[in-house]
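Trainee: Sequence:
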Amino acid sequence: MKTDMQLKTDVIDELAWDPAINAAGIGVMVKDGVVTLTGHLDSFAEKHAVEKAVRRVAGVRGIALELDVKLAAEHKRSDSEIAQAAVAALRLNSLVPEGKVQIEVENGWVTLTGEVDWSYQLARAEQCIRPLTGVRGLYNRITIKTRASGQDIGAQITAALTRQAMREAKHITVEVEGGVVTLWGHVHSLAEREAAVGAAFSAHGVSRVVDKLQVDV
Numbered sequence: 001m002k003t004d005m006q007l008k009t010d011v012i013d014e015l016a017w018d019p020a021i022n023a024a025g026i027g028v029m030v031k032d033g034v035v036t037l038t039g040h041l042d043s044f045a046e047k048h049a050v051e052k053a054v055r056r057v058a059g060v061r062g063i064a065l066e067l068d069v070k071l072a073a074e075h076k077r078s079d080s081e082i083a084q085a086a087v088a089a090l091r092l093n094s095l096v097p098e099g100k101v102q103i104e105v106e107n108g109w110v111t112l113t114g115e116v117d118w119s120y121q122l123a124r125a126e127q128c129i130r131p132l133t134g135v136r137g138l139y140n141r142i143t144i145k146t147r148a149s150g151q152d153i154g155a156q157i158t159a160a161l162t163r164q165a166m167r168e169a170k171h172i173t174v175e176v177e178g179g180v181v182t183l184w185g186h187v188h189s190l191a192e193r194e195a196a197v198g199a200a201f202s203a204h205g206v207s208r209v210v211d212k213l214q215v216d217v
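Per my numbering, the sequence shown starts with residue 1, numbered consecutively.
What the hints contain is simulated information worked out from the structure, not anything from laboratory work.
Misleading hints may appear alongside valid ones.
To be verified - Taking lysine to aspartate or glutamate and the EDC-like style, the derived pairs with C-alpha atoms no more than 20 Å apart in a straight line are:
#, residue 1, residue 2
1, Lys76, Asp32
2, Lys100, Glu126
3, Lys31, Asp13
4, Lys8, Glu98
5, Lys170, Glu126
6, Lys212, Glu175
7, Lys212, Asp32
8, Lys52, Glu14
9, Lys212, Glu177
10, Lys212, Glu192
It should be emphasised that the depicted structure is a prediction, and the values quoted were computed from it without experimental measurement.
Build out the structure end to end from the sequences listed, making use of the hints.
Mentor: In structure tokens form, the structure reads like this:
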């Protein structure tokens, strides 16, 4: 098991190694395996890159992102310009169903609403918006149609976890209420936790995943 100091060093090194991140303005604190990041970033895309980088580090049990996006002058756009760019990005992506996602922009924050059939469509809509110039943050409030019974959804998820050779699949409990799935149990890393949540979210009819998994390192 890594000490907090070792974990902090690894996180700092990982941030410095990623070319998409300017690590100079990011502060890193670690307590009991939970990493807290502070500072200011130039874009929302960079904030997402920071989160992905920290998740790659073995031993991280949790992440707190206390990072502000302060756009450089050349990155600033009006809400109208951002909305137009967002509409175009969604329209050009073949995996986002046309006319199913609506966009609102306020002070650089984009809100996505609407209803889609699959979780990958929800995720892809978010991926379209994240790298757009001028975006300071994103609220994804798209919902997913629920078509399967809770029992069917639970069986799909359990089968997926087993099929994907999750080490702790037999120790993960899946609870389903409507289209909301709650995962309980223990995993060995954030990567395993992400994989379990991803498997649950991919089941047909899942509208939301509540992650109650604990990372044991």
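Trainee: Looking back at the hints listed earlier, which ones does the structure fail to meet?
Mentor: Hints 1, 4, 5 not satisfied by this model.
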